[in-house]
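Once you've looked at the hints, dock chain G with the ligand against the given chain S.
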Amino acid sequence: MNVTFTDEELAFRDEARTFFREEMPEGIADKQRLGVPLDRQDFVNFQKALYRKGWAGYNWPVEYGGTGWSTVQRYIFGAEMAKANAPGIITFGLGMVGPIIYTFGTDEQKQRFLPDILESNVWWCQGYSEPGSGSDLASLKTRAELAGDHYVVNGTKTWTTLAQWADWIFCLVRTSTDVARRQEGISFLLIDMKTPGVTVTPIITIEGNHEVNEVHFENVKVPVENLVGEEGKGWTYGKVLLQHERTGTARVAATNYRLNKLRRQAAQPVRGAEPLLHDRSFMRKLAAVEVELKALEFTELRTLAAVASGKAPGPESSILKLKGTELQQAVDELFLEAAGYYALPYVPAQYTLDFPLEDRVGENNETLSSLTYFNFRKASIYGGSNEIQKNIIAKHVLGL
Amino acid sequence: MDLSFTEVQTMLIDSIDKFIANDYGFEQRQRYAASDSGFSQDVWATFAELGWTAVPFAEDDGGFDGGPVELMVMMQRFGRGLLVEPFLANVVLAGGILRRLANGEQKAGWLRPMIAGELQAALAVTEPQSRYELADIRTAAVAEGDQWVITGTKGVVFNGGNAGLLIIPARTSGEPGDRQGVTVFAIDGTADGVTRTRYPTVDGHQAAEIRLDSVRVGADAILGEVGHGYDALEAAASDATLAVCAEAVGIMQAMTEKTIEYTKSRVQFGVPISSFQALQHRMVDMLTACEQSYSLLLWACMANADGTDDAGRAISAIKYQVGTAGKKVGQEAVQLHGGMGVTWDLDIAHYFKRLTAIGQIFGNADWHLDKLATN
Ligand SMILES: Cc1cc2nc3c(=O)[nH]c(=O)nc-3n(C[C@H](O)[C@H](O)[C@H](O)COP(=O)(O)OP(=O)(O)OC[C@H]3O[C@@H](n4cnc5c(N)ncnc54)[C@H](O)[C@@H]3O)c2cc1C
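If you're matching them up, the sequences are chains S and G in order. Read in order, the letters of the first sequence correspond to residues 16 to 415 in this note's numbering. Read in order, the letters of the second sequence correspond to residues 620 to 994 in this note's numbering.
Bound conformation, chain S alone (with noise of 0.2 Å):
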């Protein structure tokens, strides 16, 4: 029994460095660094980056332009990608759409959209959640109505993540009501966000931001070649996704980056006061968040384990979700309190790339701890609430 990587393994985590660490196209180090929020262009850059790399499909099977890699290659890369501190990957082309349209659509549909996926000519958002169907997703209403060589969408859907940035939509749609379970009427749709009929609004979250939208559907005429897979299995492809979404978000490596940062900063001392270091409540809950992480590092390896020798992972990998955006918010209370009083100022005009640093309110970007922390309530909301992963961990893993 061991945890070390071979040596190819180790030579690729090494290259993955050099490349974050090299590559990383201008401008978005220093936005990182300085907290200022990364816009439309920023993500492309780096996605596009990813792409002339060869790394763009860090998920898809070569025959599609991916890289093929193994689970232990995938997680070395999301671990070097967090520990340099980049973007992150949006997911919704690469991660999901992608996925579903090599595995379900059709050899047009794969020559249609996949390359633009790979190489981010084109944005992708989620169109699943309504405003009557979070957690019951099943109860989705927007319609899709077949009128010969197309179909006509009437519908909301809500909280669509960066919906304003995106080219298309891939929605969750119900074909049929005429069915013995309502998941057999759902079918899975992809939308031209500049069909007519298409209108976004904004949704402004907690910390006034706007990163979700309401995409509402007005006579939407969608080409029924856009129907990915058969119409009214929808459903199953769909929570292909949900279950990868699921997994993919217990961003250890993340949280670990984020709690290095804290310790580090937890040592100096913030405008002349006493370092955190000498705060024994505090240290000990930074020496307990770390804890609990290195458990769920364990865990997310273990999982890796089982899928590289061939397994299907046992009941841990359906707690990663769950422990790892605990964790993630747990890292936020603790900057949180780190900031003390700044953490009240509500100061997001400061940081731009021109505004002058001595000018800043709060060092350390201390006056986002708190906007961080309001906005990542959403981690254990989205995806699948913490709830409803208890209620299937309850029924499928324990089998209540």
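Because the hints were derived from the structure by calculation, they are not lab data. As the structure is a computational prediction, the values presented were derived from the model and not from experiment. Just to be clear, a hint being listed does not mean it is correct.
Here are the simulated BS3-like cross-link-like pairs (lysine-lysine), alpha carbons at most 30 Å apart as the crow flies [said to hold, decoys possible]:
id	chain 1	residue 1	chain 2	residue 2
1	G	Lys946	S	Lys309
2	S	Lys276	G	Lys883
3	G	Lys883	S	Lys410
4	S	Lys276	G	Lys877
5	S	Lys410	G	Lys947
6	S	Lys300	G	Lys947
7	S	Lys405	G	Lys990
8	S	Lys276	G	Lys947
Anything over 10 Å on all C-beta distances counts as not near chain G; from chain S, calculated [said to hold, decoys possible]:
id	residue
9	Trp84
10	Gly147
11	Ala195
12	Glu233
13	Lys276
14	Ile334
15	Asp374
The beta-carbon is built from N, C-alpha and C at its ideal position, and this holds for glycine as well.
Leaving out everything else, chain G with the ligand in the frame of chain S:
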């Protein structure tokens, strides 16, 4: 034993409840918070007219002689109504210094106009480095002839941008951390050498960073005695701690009620989500947290009203309680609202932000627990 409110207290409660129900809806609150001053001048004038700004002051100073219990019932309701008006900054903090230290002339010049709603005031409780140590005062005042020259920086001063009157504790002798050697000065907000950077805070209120660059004042600017201002500062901060705890309890109660209502109306899987036992237990825990917090709040108010030996411990106890139980209630309320809980347009998010902010000021839960453990 009698835990009921007096007739006067009941009238105060009723008038605030009525005002909030009729004139202080969430949309109005959001509009006021987004305005330049961060609150409504009209509402503030109403506060003064109704006598709310006068409650904690002596009758001789134009007040109503109210104590911790009156302050509690008011703040609890301000919490429920999520008010953004600078009651804490003016009445509890600045007022808390003025009523303890100001002489007759100073009261006439500053306290009465403040009570009348005509003068905005702020007390600089913290410096950028001081975190929760009140006595870590590095702003220095040096005597030059019959003048004092003040230099230093104050951080996150509530209402500091609006204030015509800035109350500035400065060190006239001793070292940062000493209780001796702190003198409290009253400074005109627009005086030469005062630079203010004002900003909104995440909870919809406002604060400012204040730089004092050789600000010159006369002896008439000194509140109380030279070198002996610390006790009043500590007392005002202690009042304010109790006040924000009462506000927090009001917020926790409102969030709990709103969460129960929401889960009863939100249908998923064909049933109201309130029918899921997993959520029911969580709401029972929220209720428990609210009740326990309210109980401690009552104790803290009575201990402070009577000035018993454990009055200081009671403040730390309730601040610790609202820090921990408040965090729990706030997070649960958001979680049980699902995506709605993290939207700007819903009041839950703003209750959560104010509750979080309260947890960060006047000592966080750990800081007060440390005090309880070691004193
Ligand atoms: C910031 C953000 C980004 C998002 N991005 C997207 C996106 O890009 N695309 C998309 O399609 N969706 C997106 N979502 C939607 C997200 O998936 C839903 O918010 C989530 O599924 C929860 O649904 P809901 O918000 O309607 O909450 P509800 O389903 O109404 O749940 C409310 C509360 O009840 C609990 N609950 C519900 N059912 C049960 C049960 N059976 N047992 C116990 N507890 C239960 C929930 O856990 C929650 O605490 C996003 C959400 C957020 C907040």
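Exercise. Please write out, lowest number first, the hints stated earlier that are contradicted by the structure.
Key: 2, 4, 7, 10 and 15
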